[in-house]
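**Student:** Heads up: the sequence lines are chains A and B, in that order.
All letters in the first sequence, in the order written, are residues 1 to 310 by our numbering.
All letters in the second sequence, in the order written, are residues 1 to 245 by our numbering.
Do not take every clue at face value.
What the hints assert, rightly or not - Computed cross-link-like contacts, DSSO-like style, restricted to lysine-lysine with a CA-CA straight-line distance of at most 27 Å:
1) A/Lys259 to B/Lys180
2) B/Lys237 to A/Lys193
3) B/Lys180 to B/Lys221
4) A/Lys245 to B/Lys180
5) B/Lys181 to A/Lys238
6) A/Lys277 to B/Lys127
7) B/Lys237 to A/Lys238
8) A/Lys276 to B/Lys22
9) A/Lys120 to A/Lys42
10) B/Lys127 to A/Lys34
11) B/Lys127 to A/Lys259
12) A/Lys259 to B/Lys78
13) B/Lys78 to B/Lys183
14) A/Lys42 to A/Lys24
15) A/Lys286 to B/Lys180
16) B/Lys237 to A/Lys286
17) A/Lys193 to B/Lys243
18) A/Lys245 to B/Lys181
These aren't lab readings, by the way, just hints derived from the structure by calculation.
The chain contents come next:
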Amino acid sequence: MEINESKNKFMPRLQIQSLSCGYKNERGYTEILKDINFYINKGEIVGLIGEIGSGKTTLLRAITGEILRSGGDIFYEGKSIFSKENYLNFRKKRIYVRQDAMDILKPRYSVEFQIKKLFKGGKYDRSNVERIFNNLGLSMDIMNMLPVQLSDGTRHRVLIAMALLIKPEILLLDEPTTGLDTYAIRGLLELLKEMAVSTSIIMINSDIIPVFQICDRIYVMKSGVIIEDGIWSDILHKPHHPYVKEIITSVPSISNRNKEYVDIDNKIEGGCVFLKKCRHMKEICKSDVPYIMDRDHGYRCLRYPEWYND
Amino acid sequence: MIEVNNIQKYYIIRRNGIKEQKFYALDNVSAIFREDNIFAIFGDSGSGKTTLCNIISGYQKPDAGSVLYNNSSEKKTKSVRYVFQDPYTSLNATKDVRWHIETTASLNDLDPVNIWNTFELTGLSRKNYETRLISTLSGGERQMLAFSIALSQQPDCMVLDEPFSYLDTLTLFRILSILKKTKDKVLYIYMDNDMNRCAYVSDMIYVLKGGKIIEQGTPEKIINSPEEEFTMEIIEKMPDLQKRI
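If we strip away everything but chain A, and leave its shape as in the complex, we get (with noise of 0.2 Å):
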């Protein structure tokens, strides 16, 4: 199956259409994901938020085409990827950063040596590693070390540094700010975005603020559904769901420092994902909600402006 052609002038480089996927276990299958509409272009960073449980992992695992799918379809460069030839290519286009590193590693066998892998004929360019080393806080004494005298987080970074030294077309990256001190964060993201020209990145992290620092667009995701989506700007001035507004507004910093929290509990579920603890809530809520496209900021909420003078 191919995409209509003359619907996308621009074809991005991964458009995924009402994509619905789960987990299957001997209990039955549960699905995860429901009508997933999500593309990245060349050259641009993508970013997903959301709260535990809300289905980033799953869609990052979705993307890779590791997990299968109950409806909808995934497209790279206009190809399905759910057939053989085309996903075997696929797969050599994109690389996924797992959070636990310990499973990737070879812990037996020293850091250069995982480094002169991934090369062809083993060669590699030795400047430019000591130079992702150093952005990220490593020193270049860990080459001869083996994974497994090293701290996790130490670990993690190896990962992550593989990963640029590589510059796949698609790069997954997920929770790579966890663990990592002041320094080594701004030198990760520097990275990042030095690596964006060829390469499109999508990231995942619980901890908004690397988003919004560096994202070109951002998908907000609750309860397995994309609630809002746009040009960060945008959603960081002028967000369209209440839930958005609440994540924004509650970043621990010294600047509400005096901000308490307050628990909403509505007790009635359905309608809208976030409709238990939404302090806007009226009647209509309860109704299913539509995604709603206003020019390239699409968000899932009836009562959008009105909520803003409540």
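Keeping the supplied structure of chain A fixed, place chain B upon it in accordance with the hints.
**Tutor:** Frame of chain A; chain B shown alone:
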């Protein structure tokens, strides 16, 4: 009140199997932690935060100096509780959530209902999580479980070693406001490598660098008029929503 006086701690590093070298993880650290306050200790990775945590909670002995708990060198049992950095090794992955909470209750002569109440305070519901295996929980859920187990034992002091690194922004905000609400009952010593969180939660910040406390003060003073060069650089590079790279 916990007082830390001139603490030194070193690890011996062997190079080539012959040469021995002392590496000072902590070098002449003195600090006072008083009740009704939250103390944050800020430090980069490798600055000695975890070693200081271990010494305060009694897991390691200092090589020089002393730790005083309410002016005596003897620590009352169960008065200091520790939330570990790594939620993957501090919980038993083969058991479920109910086992962890019932074991805590029987070891400390507590009512399991109280622990469940603390667990629900963090925002997880008992109904959904009671029978789930630890191996199916995500990093953030594990950290909230570990925190609620430690808090429910009603300690005098809690040492938190980067306890909320896997949490998302909204949950983090909720948990940090739990800390602020309960600070009159428990003395919190909070370690983190993110200055934003330290400034939000604490009443006093110690800045640790290379095993030494180089600066101390209230969050307003540290953020607005830092004295040391290191602190200035950290505040300049601090992640900020408005600063675009």
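**Student:** Against this structure, judge whether each hint is valid.
**Tutor:** Going through the hints against the structure:
1. A/Lys259 to B/Lys180: holds, 11 Å
2. B/Lys237 to A/Lys193: holds, 16 Å
3. B/Lys180 to B/Lys221: holds, 20 Å
4. A/Lys245 to B/Lys180: Roughly 23 Å between the alpha carbons, so the hint for A/Lys245 and B/Lys180 holds.
5. B/Lys181 to A/Lys238: Status violated; Cα separation ~31 Å.
6. A/Lys277 to B/Lys127: holds, 19 Å
7. B/Lys237 to A/Lys238: The given pair, whose Cα atoms are some 26 Å apart, holds under the 27 Å limit.
8. A/Lys276 to B/Lys22: This hinted pair is violated, its Cα atoms lying about 57 Å apart.
9. A/Lys120 to A/Lys42: holds, 26 Å
10. B/Lys127 to A/Lys34: Measuring from Cα to Cα gives roughly 24 Å; hence the hint holds.
11. B/Lys127 to A/Lys259: Violated - the C-alpha atoms of A/Lys259 and B/Lys127 are around 30 Å apart, more than 27 Å.
12. A/Lys259 to B/Lys78: violated, 33 Å
13. B/Lys78 to B/Lys183: Holds, at about 18 Å.
14. A/Lys42 to A/Lys24: Judged against 27 Å, a Cα distance of about 33 Å means the pair is violated.
15. A/Lys286 to B/Lys180: The given pair, whose Cα atoms are some 35 Å apart, is violated under the 27 Å limit.
16. B/Lys237 to A/Lys286: Status violated; Cα separation ~44 Å.
17. A/Lys193 to B/Lys243: holds, 14 Å
18. A/Lys245 to B/Lys181: holds, 24 Å
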